[in-house]
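J.: Protein chains in written order, with numbering that gives the first Met the number 0: chain A, 0 to 301; chain B, 0 to 301; chain C, 0 to 258; chain D, 0 to 258.
It is possible that part of the hints are untrue.
Not the full set, but computed from the structure, chain B residues with beta-carbon under 7 Å of chain D [as the list claims (entries may be wrong)]:
1. 73
2. 86
3. 127
4. 231
Quick caveat, the hints were computed from the structure, so don't treat them as lab data. Cβ coordinates follow ideal geometry from the N, Cα and C atoms, glycine included.
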Amino acid sequence: MRDAIAAHVHDGDTVAIEGFTHCISFAAGHEIIRQKRRDLTLARMTPDLVYDQMVAAGCAKKLIFSWLGNPGVGSLHAIRRRTEPAALAAGETLLEMEEYSHHGMVGRYVAGAHRLPFYPLRSYSESDLPKVNPLIRQVESPYGDGKIWAVPPLNPDVAIIHAQRADEEGNVQMWGLLGCQKEAAFAAKRVIAVVEEIVPTSVIRADPNRTIVPGLIVNAVVHEPFGAHPSYVQGDYDRDNAFYREWDTISRDPAATEAWLKEWVYDLPDRAAYVAKFGASYFKGLTPPSAPSGVVDYGDYR
Amino acid sequence: MRDAIAAHVHDGDTVAIEGFTHCISFAAGHEIIRQKRRDLTLARMTPDLVYDQMVAAGCAKKLIFSWLGNPGVGSLHAIRRRTEPAALAAGETLLEMEEYSHHGMVGRYVAGAHRLPFYPLRSYSESDLPKVNPLIRQVESPYGDGKIWAVPPLNPDVAIIHAQRADEEGNVQMWGLLGCQKEAAFAAKRVIAVVEEIVPTSVIRADPNRTIVPGLIVNAVVHEPFGAHPSYVQGDYDRDNAFYREWDTISRDPAATEAWLKEWVYDLPDRAAYVAKFGASYFKGLTPPSAPSGVVDYGDYR
Amino acid sequence: MSEQKPASRNELMVVAAARALEGKRVCFVGVGLPNIAVNLAKRTVAPQMELVYEAGVFGANPARLPLSIGDPTIVTGSTATVSMHDLFGLYLQGGRIDVGFLGGAQIDKYGNLNTTVIGDYAAPKTRLPGSGGACEIAINAKEIMVIMRQSTRSFVSTLDFRTSPGHLGGAAASATLRREQGWGGSGPSVVVTDLAVYGFNSDGEMELRSIHPGATLDEVKSTIGWEIRTPANVPETPSPTAEELRLIREELDPTGAYV
Amino acid sequence: MSEQKPASRNELMVVAAARALEGKRVCFVGVGLPNIAVNLAKRTVAPQMELVYEAGVFGANPARLPLSIGDPTIVTGSTATVSMHDLFGLYLQGGRIDVGFLGGAQIDKYGNLNTTVIGDYAAPKTRLPGSGGACEIAINAKEIMVIMRQSTRSFVSTLDFRTSPGHLGGAAASATLRREQGWGGSGPSVVVTDLAVYGFNSDGEMELRSIHPGATLDEVKSTIGWEIRTPANVPETPSPTAEELRLIREELDPTGAYV
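The whole structure should be built from the sequences, with the hints applied where relevant.
T.: What follows is the structure, encoded as structure tokens:
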């Protein structure tokens with residue numbers, strides 16, 4: 000992870016650590032904090048704890064997003080402190096905000112991934128969002144049936160996605176919530192794939208419909224067990240909801256936030272140390288019983 | 000199948016029997032021929048043998064398509080006879096043709112399924128296709144970067160898809176080539192799902208990422224083993240390539256074509272009789288050895 | 000069963016919201032209170048209802064109350080788990096959703112909703128989560144139901160920001176616009192709060208339908224920032240059953256974190 | 000190994016086409032002759048090459064020569080099998096394809112291709128398959144290679160229909176247009192026939208590069224409907240190796256149906 004972030008994430012980059020609640024690469028976010036990247040534009044449908052932590056650590060100058068919160072808990076307080084003038088600390092500046100709806104953010108990645116100049120959608124009518132975001136525009140249908148809304152392509156400098164498994168060439172397979180990992184990866188100039196498990200290529204090739212991102216577009220494959228904690232990985236571990244609630248308390252207080260970052264990010268060399276600090280039994284408590292998918296047959300055609 | 004076609008396919012309808020080489024519902028096509036539907040507009044990326052047979056049987060007045068042929072073999076002769084003036088039989092009229100590229104046809108279904116007034120794409124520049132199809136138009140990007148091409152939505156009256164399995168509610172799972180079955184089904188006003196196997200809902204729910212079409216949009220589920228023959232079903236049976244070549248010979252001759260339709264469609268009551276006429280051992284010869292997908296774990300979260 | 004505590008106002012709200020879903024087929028579940036109401040409905044008045052989560056799940060069958068709309072329990076055992084592109088494009092914009100269930104920080108008398116900011120957008124007093132999928136749910140779901148606690152801060156005469164359109168400035172103009180612009184939905188039909196249940200009259204304006212047990216008309220009126228339309232006789236919202244309360248307290252929210 | 004029969008012209012064509020793929024990374028495989036050439040290249044000069052089939056397969060590893068571009072053998076053991084929407088949108092239009100390999104019924108001196116009709120479009124003499132993916136491959140793949148048998152009927156001065164754009168009316172105008180309109184690719188680079196191999200000069204015009212063993216310059220010229228540009232000394236295409244012929248004859252096309 001250290002090498003992947005050093006090679007592919009630069010100051011000033013637009014970075015998308017995607018994953019809708021599921022498979023959020025906290026490990027990558029923490030490594031970016033450790034490597035003290037600055038002036039990042041952080042794109043993500045749902046900036047959650049990992050972006051709150053990155054903002055608290057001073058990595059970001061701008062957010063591109065569609066929903067800002069601690070899912071199921073409440074607000075992201077570090078981000079709110081950089082958003083509400085009354086809460087701004089001395090010397091701090093407001094974060095730039097570029098805001099869409101979910102379908103709009105998905106559409107931005109799709110347009111970026113399909114190399115389209117815009118993505119059309121039926122959102123935004125009579126909403127105030129286009130008034131505050133001049134990039135949400137109207138496009139005239141060439142079939143005489145009026146105007147529809149559009150969003151522009153988003154092509155992040157780097158997309159970072161977490162998944163259950165990949166082979167060494169970076170062919171990534173994922174199940175459960177797919178979010179917009181595929182679209183973000185194809186839209187990005189560079190891709191870092193972080194996975195719970197590196198498997199032989201034969202495992203990938205035994206179920207090719209499960210592949211969401213091919214190694215072709217992946218610049219680095221990182222093996223990082225529990226790399227999505229405190230978010231979850233379908234079948235591997237559950238969301239650590241206690242931490243999501245704890246972060247609500249920690250993040251309300253800048254000093255407590257700083258102390259948490261020191262203890263859990265700056266003072267640890269890597270994700271393995273983070274996992275070791277919790278201890279193996281901690282993660283056992285988050286592991287669900289098995290719910291197997293069943294097998295399908297592709298047939299051996301020679 | 001008889002009831003499904005009787006209820007959902009009417010004279011004059013736009014019908015899409017989709018499936019890119021894989022999982023083509025010949026059983027549905029033959030039932031439409033038997034029920035003597037007329038004036039159909041047949042939409043399909045790759046009109047292959049089943050549409051050649053339906054055209055030969057007099058079901059169609061128009062084709063909407065992107066590639067017209069007998070894949071890996073040659074031409075569709077019945078369709079060519081209705082397309083080339085020199086070959087037209089006395090009393091016959093030319094088929095109406097509305098022609099796109101593959102990406103354009105996919106885009107038409109996507110626009111129909113997403114309820115969009117058009118689908119933008121980077122095809123058609125400097126091709127003669129827009130000259131002969133006025134529905135291929137240009138749309139101006141609202142971001143000042145020029146024009147791009149567009150195709151209009153396609154919303155068939157009925158889409159017919161074949162797949163490996165569904166439950167009784169019509170939740171359809173498919174693997175192998177996915178074609179544009181999902182997009183065609185969501186675009187259609189009515190959907191008939193034809194499957195090799197009806198499975199308990201628990202089988203579907205054990206692997207929800209495998210579902211391509213939910214029962215919500217399916218109007219009829221038909222259990223029809225070998226219903227895609229002579230095309231194939233991944234893992235179940237191989238393409239009957241001998242028949243694809245045989246059809247090249249049969250279809251060159253209108254009388255032979257008529258005789259074939261009589262023997263294999265009109266004179267048989269249903270697909271089961273068609274399968275029985277071949278005999279079980281025939282299909283054994285088309286069955287591949289097993290190539291299992293492996294199992295993934297979704298986790299039991301309570 | 001031992002003697003039950005009487006229903007709290009939050010419980011009254013959740014039960015009334017769940018009951019509004021009776022007979023509905025496909026419901027798009029928002030984050031927070033809608034999540035609880037819809038899961039209660041699935042266990043009571045609408046067992047056949049398909050739960051759709053914007054995270055990408057159709058036909059969810061959650062074995063526990065989902066902690067968030069992205070909880071892994073909504074995936075396991077669901078009918079279909081799909082990309083968000085498919086969910087928003089094929090299911091929602093494609094017109095397959097009967098009811099969208101939304102919350103909000105502010106609502107006006109036409110059912111327009113604000114989930115973006117309190118105060119000025121560029122320099123907000125309070126930064127809220129934003130649209131998420133709410134804006135497009137409001138436009139594309141065939142019918143919208145709203146669940147939120149009422150107060151003069153939340154039931155306002157003028158929104159600070161219109162995130163999600165309701166009946167705009169009135170039903171007639173809204174219906175024309177929705178038709179001409181090809182919106183999929185017809186807008187809000189029901190609003191459920193901790194005090195009462197509201198519908199919308201033919202002008203698209205919110206109208207009191209029933210008051211929850213224990214609440215008064217004065218209390219209802221004094222917590223709304225405009226003069227709410229009120230019929231001559233306002234019925235009382237039917238009380239929760241013992242089973243509804245048991246489901247909330249023992250199965251859906253045993254720690255009392257949400258209700 | 001027993002004495003091999005000498006290479007047929009079709010075999011010379013397939014081998015020359017396969018060799019043109021040396022070192023290429025991602026190749027989009029068209030129906031027919033390209034399918035055989037690409038599968039031969041994968042077994043010889045380009046084992047690392049990823050085969051992409053428009054049917055929706057990336058990283059195909061076919062255990063037999065696919066009978067069509069939708070053969071189940073291209074799915075089993077592939078790296079990724081995806082919808083056609085993803086294949087054409089993310090992989091092709093998204094700019095991930097290095098080489099698109101096309102066939103055609105007619106080609107002109109700028110590498111423009113016709114696969115639609117012979118004669119008038121509305122009342123054709125011969126109805127051909129149409130574009131399929133060819134039009135968008137020609138526009139979006141970084142480089143285009145063409146394989147087709149040559150004759151005065153196929154190498155024509157004026158196409159009956161331009162299905163897939165090549166260098167249009169010349170390289171300069173083509174490059175400008177491709178850049179301004181955001182095309183992903185730079186057009187045709189190689190044409191391989193049963194008689195010869197062609198490249199394109201800086202004007203975007205087809206130019207003879209080598210003549211297959213057994214063919215003559217006269218034969219080449221007399222089967223082209225325009226005056227083909229020819230260098231002073233035309234080299235001979237290197238002969239197929241015994242192994243290349245063995246692969247075609249024993250593994251790829253044992254019944255001789257295609258080559």
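J.: Evaluate each hint against the coordinates.
T.: Comparing the hints with the structure gives:
{"no.": "1", "hint": "73", "result": "violated (9 Å)"}
{"no.": "2", "hint": "86", "result": "violated (9 Å)"}
{"no.": "3", "hint": "127", "result": "holds (5 Å)"}
{"no.": "4", "hint": "231", "result": "holds (6 Å)"}
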